[in-house]
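Chemist: So the protein lines, in turn, are chains A and B.
Numbering-wise (my numbering), the first sequence opens with residue 1 and increments by one.
Numbering-wise (my numbering), the second sequence opens with residue 1 and increments by one.
Don't read these hints as lab results, they were simulated from the structure.
Even for Gly, the Cβ is constructed at its ideal location relative to N, Cα and C.
Accuracy of the hints is not assured; some may be wrong.
[Stated by the list, open to error] Here chain B is said to cover these stretches of chain A; the calculated rule only asks that three of the stretch's residues, wherever they fall, bring their Cβ under 8 angstroms from a Cβ of chain B:
hint	segment
1	14–26
2	80–94
3	120–128
4	157–167
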Amino acid sequence: MVLSLDLITGLLSFVFTLFIFSYLIGDNPLFRIAVYIFVGVSSGYIASIAWWQVIWPRLINPLIFGSMFEKGFMLVPLIGAILIFMKILPRMAGMARFAMAFMVGVGAAVTIYGAVAGTLIPQVLGTINIFDLLAASARNVSPIESLFNGSVILAGTVFTLTYFHFGARPKADGSTQRIRLIELFAWVGRIFIGITLGTVFAGVYAAALTAFIERIISLINFIGNFL
Amino acid sequence: MRVFTAVIAIAAGALVLGGYFLPALAPVQTLLLNWATILAGAAVLVGIFNLVSVHSDKIRRQEKGNAYSVLLLMALVVTFLFAMILRPGHIIMKVVLSGIIIPVEAALMGLLTISLLYAAVRLLRRRAELMSIVFLITAALLILGSATLPFGNIPVIGTFIRPWITQVLALGGARGILIGVALGALTTGLRVLFGADRPYGGN
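Chain B extracted, bound-state conformation (with noise of 0.2 angstroms):
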């Protein structure tokens, strides 16, 4: 069993890495990615079920804050209903999506201001060493450098110093960072493929 899912694994990556090179393999490739986003989508329908069954849980245990977990499974029960029955695009679940969703989406996002406010305050007097301040220093220059005022931009810091740092010092770090990060995917990838490595229970 633990040979068969190996097996499963590699072919399946190295025909769906195949059908990028050699055009020939093309059509299996777009069929396996086909059967790969089904049962991505399977995946997630188990992934809510869970939370189901976990917020379930908790009120069968009557935990401390069952009563949030009461709402929690009536507002996806009820979604879910009108959801399938009317179907995503219909009105009514536009309502669900512009009144409830996105705002809430967009509040949790300004509540960020202050944490991220908040943060860099408890950076400094945590940790004031020189990637700390070189970091709050950017970031202060950054927001002070993009900041419309009614005079218009901050002479040298919003004309000069700004775009410099974006576009030269920022870049040439992201670019590093972003190498790096390609290369771990790289790596990560090529050990499944040769099965160095089983994230699936096959070890």
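Isolated chain A, as found in the complex (with noise of 0.2 angstroms):
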């Protein structure tokens, strides 16, 4: 049973595998028939995850198998499960509001804290820390390597948020224009962003080119249990 399952799962992959990389020769019927499978098998898994991971032990079995007390605490999100439901039919799509309002506050409070505590604090302090000299000291880095480091790091990063700078006095023309330090900071910080999206670019192509290889080392080894 394991066995025949291994085959039709490699079999699967082999053939899911193959219509993909047709893409490579254009756009044709193979590959999308792959995608479009490939959309509707996982549509219908997240679904089902959404169902057992989240409602059914969140919502429904507090409400069927819970105390009294949960029960009550429960009904507040049965209600907005039901009118999210009712985006579902188009006179009724209103009614979400409630339930979406609710979400969004939450959203915008989780954000805020991830903002500030997931990232701001962070970076300045790591931003910070580079000058610390006897932590650089304690890495076998020497002071002025640290020192220098450190200040290509802050010139990095205050000329990029420099370019998101975007005020600008307007001109006795009408025509806006930022103060002239403010543009040549924004130059150099328009030079550190390339900087950065090369070394994303580079990293995302990397990644995927390990799963092209990947890919191509599973294809072969298919063919090959079979020669």
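Using the hints, put the two chains back together into the complex; each one sits in its own frame.
Modeler: Quick look at the structure:
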């Protein structure tokens, strides 16, 4: 049984990989078949995950088997879920606003805290800590190297942020232009952004290349099993 | 009704945000986050229902390419029914996951190898400006620097230039972009909490 399931998995994997790679010769029905089936299968799988891992254990289960206290608390999300399902009916879609407002409010709060505690504070601290010469010497990094690298990182951070500063004073002729110093900083910031995006590109390319090689090896291995 | 939706959003947001700073509000925050997770799960189901209705309309109107929509709906319904009856962790569902979902995702990722290379060449042809040139030179240096060749790493590029670009130059730029994104997210979140933006349709 296990062997046959392995064979089916391998066969499905082989066929779908070939269908997707057929895109290399241009858009064709095989590629589309694979993509549409993939979207269908993924959607069905995600829907079942949403039911079995979210709605059933967090909502339905407490409503059926929970204490009266739990049932009382679960009435609010039950009503919210019903309101969200109203979106299916065009005439009743407006009722979903209440549930959407709740989700947007909670999402905004989580976003604010995530931005401050997860990004702003750690990134600012990271920039400051580079100039900690004691920590640098503990890592066997020379103070000059640490100061130089820290200055470049600080300059990169400031210049990149300046690039996104769009405040400008209007001129007498009605046109607007940023202050010359800001323009200069923004120009250097563009170089840093180019380097950063180039680094991201190289990382994504390496990941894509790894996936490509892994798929090619899987195709070869599957054929090799029958030779 | 408009005021009521804004009150719901502001009150829910304020209580959840307060829970991060005031321990007394932490249980309320946990409860509200649990409710939001349930509503997000319901929203996922509504989204998938919308996908079904769009493709059903395509089939009903016999639009071009409706055969693909039939395939999509069949795949969706069969997978959903099997997963509902057997549960997502069942061995049959693992076959679906390892035989279709993961290989297609990996193969699509693999296709990016060609698409990205093509996009890079087109970028150089169409917009040969400072930022594009810096972008492509950086990418080329990093790919060369990380390539494992039969004789090892390329001397200066692999041992000095690549680490310096990734750990110093790119770090500075990335930090600026991250701080910019965080400031943008913070401003957007605060606008929602103050009721200045009402993306839930409460304007």
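Chemist: Check whether three or more residues of the segment 14–26 of chain A sit with their beta carbon closer than 8 angstroms to a beta carbon of chain B.
Modeler: holds (count 6)
Chemist: Count the residues of the segment 157–167 of chain A whose Cβ falls closer than 8 angstroms to any Cβ of chain B, and tell me whether that reaches three.
Modeler: Held - the segment 157–167 of chain A has 7 residues with a Cβ nearer than 8 angstroms to chain B, which meets the minimum of three.
Chemist: Do at least three Cβ atoms from the segment 80–94 of chain A come closer than 8 angstroms to Cβ atoms of chain B?
Modeler: Our answer is that it holds, as 7 residues pass the Cβ test (under 8 angstroms) against chain B, meeting three.
Chemist: Verify the coverage statement for the segment 120–128 of chain A against chain B, using a C-beta to C-beta distance below 8 angstroms and requiring 3 or more qualifying residues.
Modeler: holds (count 5)
Violated hints for the displayed structure: none, as all numbered hints are satisfied.
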